[in-house]
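*Asks:* Chains as they are written, first to last, in our numbering: chain A, 16 to 95; chain B, 7 to 486.
Calculated from the structure, these hints are not laboratory results. Some hints here could point you the wrong way.
[What the hints assert, rightly or not] Some chain B residues near chain A, calculated using beta-carbon distances under 7 angstroms: (1) 254; (2) 256; (3) 319; (4) 374; (5) 375; (6) 376; (7) 377; (8) 471; (9) 481; (10) 484.
C-beta atoms are modelled at their ideal positions from N, C-alpha and C, and glycine is treated no differently.
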Amino acid sequence: MKITICIGSSCHLKGSRQVIERLQQLIAQHGLEGKVELGGTFCMGNCQNGVCVTLDEAPFSLSPQTVDSFFETQVLTKIS
Amino acid sequence: MRIFDTKVQHLKYKVLREVARHAWDDTLLQAIPDIPKDIVPGNKPTMRCCVYKERAILAERVKLAMGGNKENKNVIEVIDIACDECPASGFEVTNTCRGCLAHRCEDVCPKGAISFDEHQKAHIDKDKCIGCGMCARVCPYSAITRNRRPCENACKVKAISMSKNTETKEAVIDESKCIACGACVYQCPFGAISDKSYILDVIDMIKKSNKNQNYKVYAIVAPSISGQFRYAKLGQVISGIKALGFFTVVEVALGADIVADREATELAEKGFLTSSCCPAFVDFIKKQFPAMVEHISHNLSPMGAIAEYIKKGDPTAKVVFIGPCTAKKMEVQQERIKPLVDSAITFEELQALFDSKDLDITSMEEDVLDNASYFGRIFARSGGVADAVQQALKEHGEKDFVLKALPCDGIEACRTALLKASKGILQENFIEGMACLGGCIGGAGCLTHGEKNKAEVDKYGREALEKNIGDAIRLTKIGK
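Same shape as in the complex, but just chain A (with noise of 0.2 angstroms):
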């Protein structure tokens, strides 16, 4: 599985570095290391709803505070 962040200004300035500090942490936590992939990227062409983020090519919009409960909902979910 890979989850692609966009660093990008826009997202940058909403918390993309937050949303890749959790989503460390929330991979080591639950010991996914080998599993989840990530990456970065220059702009996704939706800055306005950024953080943008795609897991495996599906678009998302995150914040710091949503990182959560779309590792529950979507990256949990999908891998078991």
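Guided by the hints, dock chain B onto chain A, whose structure is given.
*Replies:* Structure of chain B alone, referenced to chain A:
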């Protein structure tokens, strides 16, 4: 508000703008012969002896705007018919000479080149004079001055001389010495030396991307942009760049953060380094201090570092550097950089591109630009690299290595530092070398060069979301 410092820049800009305008419309081939007349209509000369000479020179500028002579690798070229062949007479006695009794000038001259007329006023025999300048130094009235061409004066690597051809005395560039810093380009009052432009490559890249569908064209902008385009807001400049057709805009300063982080590690390991950010400085070391080459940091420049990161994530991406620098146009031709950066243009050329599409950036919405930390952003001014490396060492928790940095701006300061280092008498352990005075903010491709530019860079630095290097580059380390 005035966009450019000089009328020479403005003229160059008009040519670039017209070339670009026709390139967007696919009408360039037919329009080439008409561009000079479009810029200089009528029959009243305003710059030269006649409109025909003005147009002949403009035709040469059109060639440079289209990439110039492909056989000449250097990106800096003399437009020989534009060179005014300034009478650079060397040392001359001015009418301040009082015809004194002491005649110190005569005593000190090693070649017996000084004689006196019936009023006891000094005269210099040009055939005997070797230009040592001793006479000028000892004259109590400072009556002897050195008359040098502005281009020769500007060129601190001594790459410019007068043609040996006695009929035409145009400026000639010694390619084995030139570091493409562009000092002569900015200083020649006749605009007779110019950097070649690659805007056509950039326009072609944008057009063939088919609105970034075939591949994405990234603009990477140097942090010195903060003091440029003063008539608009930085966010509007970013909107303008995207309106030209670039997919997105990324800060080269993030590449600077990456460089500072790596440079700190390399420096602590090796104990002595010179910076590798400024391509003209690196070229200067290679050409004038070959024994020091081993001490050049092995890091890519910030431009190379950010482009490498972009292409790692998006292998089909095209990357265009936009900055203040003419030497970057040489750097992108290097084997190591070629696969990373597809072209380099200056702020002057960006202005021409905006106007070639009649984009009024002042009426645009403000976009955002925020990728780097304060420290990456201050690379644009002298002392910035040293400050950033110091910060990176601190963030690494480095305890054994103590940084003693020597920031050098301008080739003369760089030369002094390198001379000392090559003799083993330099106290410092890190030479930050920038070929332009003040650092990149003094670059030849800037629209304006002002006292305020340093303050603007620092202010832009402080506005960065990320306050330290580690946080800024954390984003670039994911997925590794």
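*Asks:* Are residue 377/B and chain A close enough, Cβ to Cβ, to be under 7 angstroms, as the hint says?
*Replies:* With a minimum Cβ separation of about 6 angstroms from chain A (threshold 7 angstroms), the hint on residue 377/B holds.
*Asks:* Does residue 481/B meet its interface restraint, that is, does its C-beta lie within less than 7 angstroms of any C-beta in chain A?
*Replies:* For residue 481/B, the interface hint holds, since the closest Cβ of chain A sits about 4 angstroms away, which is under 7 angstroms.
*Asks:* Regarding the hint that residue 375/B lies at the interface with chain A, is the smallest CB-CB distance below 7 angstroms?
*Replies:* holds (5 angstroms)
*Asks:* Min Cβ distance, residue 319/B to chain A: is it shorter than 7 angstroms?
*Replies:* Holds, about 5 angstroms.
*Asks:* Using 7 angstroms as the Cβ threshold, decide whether residue 254/B counts as touching chain A.
*Replies:* This interface hint holds because 4 angstroms falls under the 7 angstroms limit.
*Asks:* Grab the minimum C-beta distance from residue 471/B to chain A and call the hint holds if it beats 7 angstroms, violated otherwise.
*Replies:* Where the cut-off is 7 angstroms and the nearest Cβ of chain A is about 6 angstroms from residue 471/B, the hint holds.
*Asks:* Checking hints one by one. Is residue 256/B an interface residue toward chain A, by the C-beta closer than 7 angstroms rule?
*Replies:* Since the shortest Cβ distance to chain A is 5 angstroms, the answer is holds.
*Asks:* Please verify that hint: residue 374/B, Cβ, nearest Cβ of chain A, below 7 angstroms or not.
*Replies:* Status holds, d = 5 angstroms.
*Asks:* Holds or violated: residue 376/B as interface residue toward chain A, Cβ cutoff 7 angstroms?
*Replies:* With a closest approach of 5 angstroms, the residue 376/B hint holds.
*Asks:* Can residue 484/B be said to touch chain A, with a Cβ gap under 7 angstroms?
*Replies:* holds (5 angstroms)
In terms of the numbered hints stated before, the structure departs from none.
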